[in-house]
Amino acid sequence: MAISKRKSRRDRGRAKEGAALRARFPGHRYFRGPSRLAAGPGDLPGTLKGLSDFDAFARAGVEPVLLDLSDASHIDVAACVLLAAAMQRCRIEHKLQIDVLMPRNGLARFALAAFGVADDGRSNEGDLEEAAPQVMQVTSGMKGDPSPGARTFQVAKLAERLVADETLADRVHAALNEAADNVLSWAYGAHDGTPNPTERWWVAGMLTNQGATFIALDHGAGIPATAPQNFGDALTGMLKAMIKDKDWRTINAKPTDSQILRATIQQRRTVSGLEERGKGLTNMIALIDLFPAGFINIFSGNAIYTYRNPAAKDGEKEHCGPLGFQFPGTLIIWQLKARLSEARN
Amino acid sequence: MLAAMTTTIRLAADFNPFPFGRYPSHGDWNGQRFRDEWLVPALKRGEPVEVDLDGARGLSPSFLEEAFGGLVRVGFAAKDLLSRIHIKSDRDPSFIDTIQGYIRDAGS
Numbered sequence: 092m093a094i095s096k097r098k099s100r101r102d103r104g105r106a107k108e109g110a111a112l113r114a115r116f117p118g119h120r121y122f123r124g125p126s127r128l129a130a131g132p133g134d135l136p137g138t139l140k141g142l143s144d145f146d147a148f149a150r151a152g153v154e155p156v157l158l159d160l161s162d163a164s165h166i167d168v169a170a171c172v173l174l175a176a177a178m179q180r181c182r183i184e185h186k187l188q189i190d191v192l193m194p195r196n197g198l199a200r201f202a203l204a205a206f207g208v209a210d211d212g213r214s215n216e217g218d219l220e221e222a223a224p225q226v227m228q229v230t231s232g233m234k235g236d237p238s239p240g241a242r243t244f245q246v247a248k249l250a251e252r253l254v255a256d257e258t259l260a261d262r263v264h265a266a267l268n269e270a271a272d273n274v275l276s277w278a279y280g281a282h283d284g285t286p287n288p289t290e291r292w293w294v295a296g297m298l299t300n301q302g303a304t305f306i307a308l309d310h311g312a313g314i315p316a317t318a319p320q321n322f323g324d325a326l327t328g329m330l331k332a333m334i335k336d337k338d339w340r341t342i343n344a345k346p347t348d349s350q351i352l353r354a355t356i357q358q359r360r361t362v363s364g365l366e367e368r369g370k371g372l373t374n375m376i377a378l379i380d381l382f383p384a385g386f387i388n389i390f391s392g393n394a395i396y397t398y399r400n401p402a403a404k405d406g407e408k409e410h411c412g413p414l415g416f417q418f419p420g421t422l423i424i425w426q427l428k429a430r431l432s433e434a435r436n
Numbered sequence: 388m389l390a391a392m393t394t395t396i397r398l399a400a401d402f403n404p405f406p407f408g409r410y411p412s413h414g415d416w417n418g419q420r421f422r423d424e425w426l427v428p429a430l431k432r433g434e435p436v437e438v439d440l441d442g443a444r445g446l447s448p449s450f451l452e453e454a455f456g457g458l459v460r461v462g463f464a465a466k467d468l469l470s471r472i473h474i475k476s477d478r479d480p481s482f483i484d485t486i487q488g489y490i491r492d493a494g495s
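Taken in order, these protein sequences are the chains called A and B. Going by this note's numbering, the first sequence opens with residue 92, and the numbers climb by one from there. Going by this note's numbering, the second sequence opens with residue 388, and the numbers climb by one from there.
Pulled out of the complex, with its shape left as it was, chain B reads as follows:
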């Protein structure tokens, strides 16, 4: 059970059901935008962040790496991110390890 102050971001509902690409030139629903406009503000509030991936379709490595691995490149510590970001992915739980791997790789 997450703490009451947890910020929940539903990728499909709050962002877009069809995220695509790494950079803004790749489309409106790119990983950099999700990172900068959704994840970073939530993390800066200092609260745990739950990201619900269920409902989003076709999540590609480029999108996920830029969104989550990119957090390390914009200044967050990998260790801090791994403890504060909770990934919810009931339909495909493999995304949890994948995203944690991207964060670790970016921090190594």
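Chain A extracted, bound-state conformation:
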């Protein structure tokens, strides 16, 4: 009896809540978002599944969509970028109005708000770049933007709050620029260079306790798909040289995404005379060595690459393997830590 009363009270509460939402967001289609949005290797599949479900739901109609994130209890910086990118794609490609019901959880709400996601769903770039600039920055661009370097600078400047070293902050800026440049050069395929609003790069940063996280994201073909055609014989040679590895497939087998990603990184490190290609990825990874601690994760296609600062705790410093699912594009996460004595207040 008591259970029945509780259920009845809960149902009435939900009906009331539903009516209030319908009044506040008239004509909207309702989508309940995931409760946890994070981009660590363990969380990423669930996050991507949630965003993919949202994307499919939004595209199925023309009416505005209400994305309910009120139950979201955890949203990390990379997931914020993934979510903001998914929302922007719906707006640009399908002219959809996306409104968001913000999380009740304070931290999750703050993270989303700082990335320009607001109740009214308007997350134009002006809002993105002005929100909480002291701890978070995000920007996005595409071919034809006049000065992407000035925009990525706003994100990289966060590093100056992490370490009292302008040169180090500049290295962060260079890595972000290189990531965005690689997107423009490779991720969306070679064509006549006509700007396409859906072919975007995203760059973001967030200061954390004694550290900073920087993110680069695109939804292009991914490094494993583009590297063989861009690096040609040099990469093929590296792949053949790696065949003797115990985990390597036979010479006639099609290499996996993780094998191509690993070969691409090794080849760029060891082979000189690559003409104009192949300088950037090494620099993006080497950024980790400039900080006392930290790591880089690269998710691309069905591959994940991780490199940890050698000065960090014992364990595997470098790993490249199958991701277990297909990441739609490339996501790079730099987690940088400062020494306590270097960290700025």
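What the hints contain is simulated information worked out from the structure, not anything from laboratory work. Among the clues, some could well be false.
Said to hold, decoys possible - Straight-line distance between alpha carbons at most 20 Å, and here's what the computed EDC-like set of lysine to aspartate or glutamate pairs gives:
id : chain 1 : residue 1 : chain 2 : residue 2
1  : B       : 475       : A       : 108
2  : B       : 475       : A       : 257
3  : B       : 475       : B       : 437
4  : B       : 475       : B       : 434
5  : A       : 248       : B       : 467
6  : A       : 248       : B       : 479
Model the placement of chain B on the given structure of chain A, informed by the hints.
Positioned in the frame of chain A, the structure of chain B alone reads:
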């Protein structure tokens, strides 16, 4: 001390403080443009060229390689470039070796 006829190009002041990208489709302040509109005309005058990088922010490998390594691809000899281009980079001297490496790699 450089000779009196040296042409000095201040990347941040003469070009842009935020150079980005390799090609024109990557933005207005790309490496190809810096090479073709600043470096090549200065080199064609036959004088030594000093390129001052200080003040420019976020210099990425793509920008630098296209600007300097690209000079070899448009016809300059790497050896000649290494003797005629002087890089000034007080804030981050590692750029000097990096750029010379790009020129050598492009010429090899």
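Hint-by-hint comparison with the structure:
1. Note on residue 475(B) and residue 108(A): the hinted pairing is violated, with a Cα-Cα distance of about 65 Å set against a maximum of 20 Å.
2. At roughly 17 Å between alpha-carbon atoms, residue 475(B) and residue 257(A) fall within 20 Å of each other, so this suggested pair holds.
3. Restraint check: the Cα-Cα separation between residue 475(B) and residue 437(B) comes to about 7 Å, which is no more than 20 Å; the hinted pair holds.
4. Simply put, residue 475(B) and residue 434(B) have alpha-carbon atoms about 16 Å apart, close enough for the 20 Å limit, and the pair holds.
5. Restraint check: the Cα-Cα separation between residue 248(A) and residue 467(B) comes to about 37 Å, which exceeds 20 Å; the hinted pair is violated.
6. With a C-alpha separation of about 17 Å, the suggested pairing of residue 248(A) with residue 479(B) holds against the 20 Å cut-off.
Violation of the numbered hints given earlier is confined to hints 1 and 5; the remaining hints are satisfied by the structure.
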